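With chain A's structure known, arrange chain B on it following the hints.
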Amino acid sequence: MHSQAPSSPRMTIKRNWMIALDIALLSGKSKVFRSGPLFYIMVWSSFPIFSLLSVALIYRNDERLRDYAVVAGSASAFIFLMIYGAGQMLDEERQRGTLGALFLAPAHRFTWLGGFQLMTLAEMLFSATISLTIGSLIFGVDLSVNISALVVSLMLFCSALWGLSMIIGSIGVAIRDANQLSNLLFNVIVILAGTMIPIDRLPDWLQIPARCLPFGYGMEAIVGSLANGSSIGDLQSSLWPLAGFAIVLPILGTAVFRVLEQRSRAHGALEFI
Amino acid sequence: MIETRHPNYAEGFVLNWRLMFATTRSRTLAYASNTIQLIRSPLYPVFALIGFKLIYDISGQSTVARAEVVGFLVTGLLAIGAWQATVWGAGIALQSEMWSGTIGSVMMAPGSPTAVILGYTFANFLFFLPAVISTVVVGQLMGAEWNVADPLAIIVSLIAVYLSCVCVGMAFGGLFIMSRQANALSNFLQEPIHLLGGFYVSRDVLPGWLQTVSNILPLAHALDALRAASLQGASMRTIADPLLWCLGTSLVFVLIGIWSLARLDRVVRHAGTLDLL
Numbered sequence: 001m002h003s004q005a006p007s008s009p010r011m012t013i014k015r016n017w018m019i020a021l022d023i024a025l026l027s028g029k030s031k032v033f034r035s036g037p038l039f040y041i042m043v044w045s046s047f048p049i050f051s052l053l054s055v056a057l058i059y060r061n062d063e064r065l066r067d068y069a070v071v072a073g074s075a076s077a078f079i080f081l082m083i084y085g086a087g088q089m090l091d092e093e094r095q096r097g098t099l100g101a102l103f104l105a106p107a108h109r110f111t112w113l114g115g116f117q118l119m120t121l122a123e124m125l126f127s128a129t130i131s132l133t134i135g136s137l138i139f140g141v142d143l144s145v146n147i148s149a150l151v152v153s154l155m156l157f158c159s160a161l162w163g164l165s166m167i168i169g170s171i172g173v174a175i176r177d178a179n180q181l182s183n184l185l186f187n188v189i190v191i192l193a194g195t196m197i198p199i200d201r202l203p204d205w206l207q208i209p210a211r212c213l214p215f216g217y218g219m220e221a222i223v224g225s226l227a228n229g230s231s232i233g234d235l236q237s238s239l240w241p242l243a244g245f246a247i248v249l250p251i252l253g254t255a256v257f258r259v260l261e262q263r264s265r266a267h268g269a270l271e272f273i
Numbered sequence: 274m275i276e277t278r279h280p281n282y283a284e285g286f287v288l289n290w291r292l293m294f295a296t297t298r299s300r301t302l303a304y305a306s307n308t309i310q311l312i313r314s315p316l317y318p319v320f321a322l323i324g325f326k327l328i329y330d331i332s333g334q335s336t337v338a339r340a341e342v343v344g345f346l347v348t349g350l351l352a353i354g355a356w357q358a359t360v361w362g363a364g365i366a367l368q369s370e371m372w373s374g375t376i377g378s379v380m381m382a383p384g385s386p387t388a389v390i391l392g393y394t395f396a397n398f399l400f401f402l403p404a405v406i407s408t409v410v411v412g413q414l415m416g417a418e419w420n421v422a423d424p425l426a427i428i429v430s431l432i433a434v435y436l437s438c439v440c441v442g443m444a445f446g447g448l449f450i451m452s453r454q455a456n457a458l459s460n461f462l463q464e465p466i467h468l469l470g471g472f473y474v475s476r477d478v479l480p481g482w483l484q485t486v487s488n489i490l491p492l493a494h495a496l497d498a499l500r501a502a503s504l505q506g507a508s509m510r511t512i513a514d515p516l517l518w519c520l521g522t523s524l525v526f527v528l529i530g531i532w533s534l535a536r537l538d539r540v541v542r543h544a545g546t547l548d549l550l
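Protein sequences, first through last, are from chains A and B.
Taking this note's numbering, the leading residue of the first sequence gets 1, the next gets one more, and so forth.
Taking this note's numbering, the leading residue of the second sequence gets 274, the next gets one more, and so forth.
These aren't lab readings, by the way, just hints derived from the structure by calculation.
Computed from a predicted structure; not experimentally measured.
Some hints could be false.
Partial chain A-side listing against chain B, Cβ under 10 Å, derived [claimed, not checked]: (1) Ser30; (2) Met42; (3) Ile49; (4) Phe50; (5) Asp62; (6) Pro198; (7) Leu206.
If you want a taste of the chain B side facing chain A, the calculated C-beta under 8 Å gives, among others [said to hold, decoys possible]: (8) Asn307; (9) Ile312; (10) Tyr317; (11) Gln454.
Idealized CB from N, CA, C, for every residue including glycine.
For reference, chain A alone in the conformation it holds in the complex (with noise of 0.2 Å):
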């Protein structure tokens, strides 16, 4: 009789972080090799930099217009991979066959799925870097950039982007087309999400509903760190409603994550609808 000695939390930790890291790279690979890193790069970094460089053209005679254009459509990189990437990425794997054997597979499912999520976080801040080099080199943008605002902005940004990719991918295996639902919500995410309209420039109805969402924050937040050289302190007014997202939308993401897969196990398919 075989006998497993328990490991300790440190171990624990560290098995899983490779089992991450693992997947990460994997997913990694198999993304970039089965289209070819070229067409790899056109396709995930082509929204942001043509959506921003026709926003930007408008803006053309408003400097400073341009440059949020410029900043903030860079950072819908990170929206865009979040709804196509992240959100979509438990249905292709459903798609692919292998979600029941993920499921199944001797780790935490926070462990696999983070490993996912760590590759989509590369990809998000690869695309947001090219479309930002790339807008600024074209329209003469002068970044300001405060690191620690940044980090922070991008962290707590990150982190709300995270749990809503985890709602939308749950609901997206249950009715077995994330990718339609990706293209149903990110037409409405686009105009409330700040990437192409200063939240405080849009109408006082669309503001409402644009409030109630971590983008038009995070948006703000990014552009005041890298654009305008804004402080922490500054950017008080955005940091803090963004806190609350990057909280609460993890929570409630793992809670309806659970739900799927309850769900799944009660009814022995992972499909609902």
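Below, chain B alone, put in the same frame as chain A:
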């Protein structure tokens, strides 16, 4: 011994017509079975219209390229619908058949793959019809101002918008599958063409070299003609120039389509495998 007989031109035409019709019907039914897609189709252009109208309002512009903003955007969105139908219809037609496991039958059947590609394109045009209606209705509610002097010019330029997309679609149908990245190309080609085609932003504000690139697109010229006819009261004579450009560039795409599909057919038959897809 079994004797095979090639169909004559008339029989071939009927065969391909029926194949195109069957493909259109099957794709339309497939779209109709997706509830979210049905909801999304008419909403997408409405959200885009609202979003870009707000952007123009905030930037203080009430006219674009001598046309009123809402009319400019509504016509641009009609072109976007046609373009989306092309990249997501013709562009991934053969790839979809491959995913469905039916590409072998499509390539080896006596009907032409072009008929299948056209079937996908027309199915997408049909699917985008509610989007066209919702765009025009919401545009009207948002105060679109039309200036029509010659209704025939509008009809001809609208036909040019859709036919130019069919021509581009024929080229894409072959080229996309030869690239082995049909889905990636369809995803990539949406946003750049929105910019180059002048759908949301006038082509006049593009840098000179980008304007030259955009001249390759037949849809950009067809849209210029449609905007002139519907927003600036242009006659058939006035829009002759952009229509001729549209015709010339469309023919180039048709030739590319014929070449790429013939090459695809040759390579598949010569290699005796569909692996290249």
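Cross-check of the supplied hints:
Contact between A/Ser30 and chain B, as hinted, is not supported at the beta carbon level, the nearest pair being about 14 Å apart and thus beyond 10 Å. Satisfaction of the interface hint for A/Met42 is found here, the shortest Cβ-Cβ separation to chain B being roughly 4 Å, below the 10 Å cut-off. Here the hint on A/Ile49 is kept, as its CB sits about 8 Å from the closest CB of chain B, short of 10 Å. For the restraint placing A/Phe50 at the interface with chain B, the shortest Cβ-Cβ distance is roughly 4 Å, inside the 10 Å limit, so the hint holds.
Nearest Cβ of chain B to the Cβ of A/Asp62: about 6 Å, under the 10 Å cut. The hint holds. At its closest, the beta carbon of A/Pro198 sits 8 Å from a beta carbon of chain B; the interface hint therefore holds under the 10 Å criterion. Taking 10 Å as the C-beta contact cut-off toward chain B, the hint placing A/Leu206 at the interface holds, the least distance being around 8 Å. Against a cut-off of 8 Å between C-beta atoms, the interface hint on B/Asn307 holds, since the closest Cβ of chain A lies about 6 Å away.
Among the interface hints, the one on B/Ile312 holds; its C-beta lies about 7 Å from the nearest C-beta in chain A, closer than the 8 Å criterion. At about 5 Å, the closest approach between the beta carbon of B/Tyr317 and any beta carbon in chain A falls short of 8 Å, and the interface hint on this residue holds. A distance limit of 8 Å between C-beta atoms decides the matter here; for B/Gln454 the minimum to chain A is near 5 Å, and the interface restraint holds.
Taken one by one, the earlier hints fail for this structure only at number 1.
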